[in-house]
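As you go down the protein sequences, you meet chains A and B in turn. The numbering of the first sequence is this note's numbering, which starts it at 1 and goes up by one. The numbering of the second sequence is this note's numbering, which starts it at 1 and goes up by one.
A few of these clues could be false.
So these bits of chain B aren't anywhere near chain A, every CB distance computed over 12 Å [claimed, not checked]:
| hint | residue |
| --- | --- |
| 1 | 102 |
| 2 | 195 |
| 3 | 253 |
Computed footprint of chain B on chain A; a stretch qualifies when at least three of its residues, placed anywhere within it, have a C-beta under 8 Å from a C-beta of chain B [what the hints assert, rightly or not]:
| hint | stretch |
| --- | --- |
| 4 | 83 to 94 |
| 5 | 154 to 164 |
| 6 | 180 to 190 |
In short, the hints are calculated from the structure, not lab data. Model, not experiment: these values are computed from the prediction. Here a beta-carbon is modelled for each residue, glycine too, at the ideal position from N, C-alpha and C.
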Amino acid sequence: MGVFILKRLLSAVPVLFMVAVIVFLVLRLSPGDPAVMIAGPNATPDQLAALRDAMGLNEPLLTQLFVWLGQILSGDFGVSLVSGQPVTHLIMDRFGPTLSLSIVTLIIAVVVAIPLGVVAAWQQGKLLDRLVMAGSVLGFSVPVFIIGYTMILIFARILGWFPVQGYKPLSDGFGEFAIRLVLPAVSLSFPYIALIARIVRTNVIEVMNEDYIRTARAKGLTERGVLMGHALGNAAVPIITIIGVSIAMLIGGVVVTESVFNIPGLGRLVLEAVLARDYTVIQSVILLFSTIYVFINLVVDLLYSLFDPRIRY
Amino acid sequence: MFMSPLGSRFTKAALLSFAIGATTSTTAFAETTVTAVMHAPLRALDPAISSAYILRNYAYMVYDTLLALDADGNIKPQMADWAVSDDGLTYTFTLRDGLMWHDGTPVTAEDCVASIARWDQVDKTGQVMASLMNDMSVVDDKTFTMTFSEPTAVVLTALSKPSGIAPFMMPKAVASTPVSEPITSSIGSGPFKFVADAYQPGVSATFEKFDGYIPRDEPSSGLAGAKEVLVDEVVWTTMPDPMTAASALMTGEIDFIEQLPHDLLPLVEGNPDFQLKIFAKQGSQNLARMNHTLPPFDNPEMRKAVMLALGQQPMLDAQVGAGSEYGNTCPAVLGCGSAYASDYLADEIVNPHPEAAKKILAEQGYDGTPILLMHATDLANLTPQGPVIAQQLRDAGFTVDMVSMDWASVVARRGSKATISDGGWNMFSTTNVLPDVDDPIGFIGVAAGGDTAWFGWPDVPEIEQARTDFASVADPDEAKAIALKIDKLVKDNGVMIPMGEFSSVTVASSAITLGVDAEAPVFWNLSKSE
């Protein structure tokens with residue numbers, strides 16, 4: 001196991017290096033630069049040149065790339081070209097809201113989707129199954145911002161149960177923290193509930209046709225016991241895979257929810273940085289996302305062996 | 001190893017900000033806090049390095065100006081009074097008593113001289129002033145002089161400039177920073193102190209009342225007169241989704257939206273809990289701009305055809321809604337509220353004349369080569385412009401290749417003088433707030449010095465001569481005559497095409513008593529009842 005983890009971590013190094021280089025080059029090849037955005041329309045060519053010089057943008061591309069890679073290796077993500085703030089500081093500020101939203105969303109998604117999927121599989125072809133599958137199609141098809149607006153209208157503006165927007169960290173109290181996450185997390189969980197429920201249903205149905213399930217039934221086990229004791233456990237590997245993928249998608253895909261509910265998270269940070277061509281921030285956040293992807297994939301692989309003893313590394 | 005720094009820093013950071021909540025997003029609300037959603041996020045703190053309006057608005061909170069315009073456009077003393085020598089060559093500025101920086105040190109003439117010297121490198125009007133100035137000297141702690149080679153009115157105009165890059169005063173140590181290096185200090189002498197610890201770039205900015213600020217005795221008017229701070233704290237928060245901002249206003253989570261999109265106004269119109277206000281001086285002008293260095297717009301007749309093809313009402317209808325009271329047609333290059341408003345060629349500018357344009361295209365042998373029109377899609381006011389312009393040009397017989405992109409890409413591409421196949425362009429459109437266009441020195445859109453002009457690079461020496469003349473005259477009537485001449489030359493040469501004016505609508509809770517009508521949204525003389 002230790003060797004496997006070490007190998008996986010080592011194999012992540014070239015992956016992240018390639019991500020860093022590609023992101024760096026794509027940004028430099030895209031139109032616009034932060035000096036133009038900062039200086040505004042009145043800037044003279046001399047002022048722009050001076051600003052680019054101060055930002056290090058006049059250095060050769062390779063020099064800029066190696067300076068940045070060197071900074072990363074020493075744990076320094078540099079300074080935002082727009083705000084002048086350390087990128088590490090900006091990311092730290094924004095990581096908490098995104099992580100909170102992602103975790104709460106995932107908890108809701110898993111807690112709701114797995115029972116729904118199991119019940120749908122159990123009731124395959126019956127009304128309940130059809131209702132779950134119809135809900136799943138709806139959850140997939142309706143854009144998150146529509147769900148968000150609808151929830152704001154009903155639960156914030158009409159009923160007044162929740163605030164419309166904003167984020168408070170845990171240090172402001174659990175109530176303040178939680179009440180602001182309910183609407184965004186529920187809104188964001190819809191597509192993930194739909195996705196996970198479908199995967200659970202499909203895999204449980206597949207497992208339910210296995211010989212050992214028939215044996216379990218023949219031994220007189222109740223249908224509930226079969227489902228929970230044998231089917232779900234054996235369907236776990238693809239379910240864990242899809243949950244892992246969902247976490248990765250969540251971290252990078254919360255931008256719309258963060259915008260609708262005014263949550264100052266990483267999604268918004270990277271979107272603002274792209275519009276302002278804030279190279280250092282974009283590069284660092286994308287590298288962070290990539291690292292999270294790699295880490296989640298590793299955790300998912302390790303979990304396989306926990307749920308399926310046949311898998312050993 | 002590569003993973004190590006990431007792992008150590010971000011694991012700790014994530015745990016810290018999630019579990020302990022060690023972010024700066026919280027703001028300890030004071031007794032009277034006004035929470036405002038501004039038109040753009042604040043991401044930088046140097047008002048001299050950019051003409052972004054959010055930076056100007058920030059600067060009016062934190063900094064002060066030597067002179068200011070009142071509601072009628074008259075130049076008034078703000079931090080300083082002035083006297084002009086009999087020969088009109090020397091201006092002496094004397095700082096008023098009690099001026100203090102937020103760190104408690106007094107404002108001195110040295111600070112002001114350093115601030116002006118930094119500002120006049122970046123601002124167009126400041127550059128004109130600097131080019132005419134022989135000397136700027138400190139006389140004593142409260143007095144400094146500026147000496148010119150000939151009498152000029154540009155000094156007072158420049159130092160009272162309300163928008164674009166306005167001349168804000170900073171401590172000498174800060175103002176000594178080269179203009180290529182953005183300042184990060186926020187120590188000013190304005191009525192509000194910036195709360196640096198609560199600042200989250202792009203998310204929120206907090207300002208608290210500066211107890212050391214002594215307002216002027218005169219009543220508040222425009223940006224001049226008394227700046228009385230009547231609340232304890234103002235929080236600017238960024239909301240990327242205007243629908244969310246409107247909902248937050250309706251549930252009382254925020255107090256003020258600087259610019260609510262026109263299509264959302266019906267949500268609050270007629271509701272006594274909210275007030276709608278148009279700060280007239282914060283209106284904006286649409287303009288279309290052609291590239292004079294590339295065919296077909298290197299041909300003045302083809303530029304005239306574009307002017308005839310375009311009409312203002314369709315543009316305004318798309319921006320603020322058909323029949324809306326928030327848009328008005330205006331043929332004047334320098335804006336209809338300006339002292340230099342002109343109705344020269346009003347019909348040709350305001351109304352579309354596709355048949356007349358077609359006639360010119362036929363006469364000029366236009367071969368149908370596509371016009372590359374840049375269309376910005378990420379700014380609400382600019383999004384409707386491209387399609388409206390493109391359709392009007394097509395109606396007049398042009399072939400149009402409208403290329404949609406984000407504003408950053410427009411800004412980058414419009415700087416290109418290359419051919420179309422190499423990344424050049426023929427046309428783009430934008431907006432400017434009216435205070436930025438109401439005089440021919442400050443308005444870069446009328447500059448016509450070829451390579452040194454604004455994007456599109458029109459080369460009309462008569463316009464540049466007239467701008468130079470304008471800068472050096474002191475008589476208002478003479479200045480107006482020159483400005484009207486510039487308006488005519490700009491239209492005759494297709495330097496820019498005015499595309500109508502529109503007002504942004506501010507919406508606030510009825511608990512707020514809004515402050516003064518000024519060129520920037522200011523928060524002094526604004527109060528909030530519980």
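Hints versus structure:
| no. | hint | result |
| --- | --- | --- |
| 1 | 102 | holds, 19 Å |
| 2 | 195 | holds, 15 Å |
| 3 | 253 | violated, 6 Å |
| 4 | 83 to 94 | holds (count 8) |
| 5 | 154 to 164 | holds (count 5) |
| 6 | 180 to 190 | violated (count 0) |
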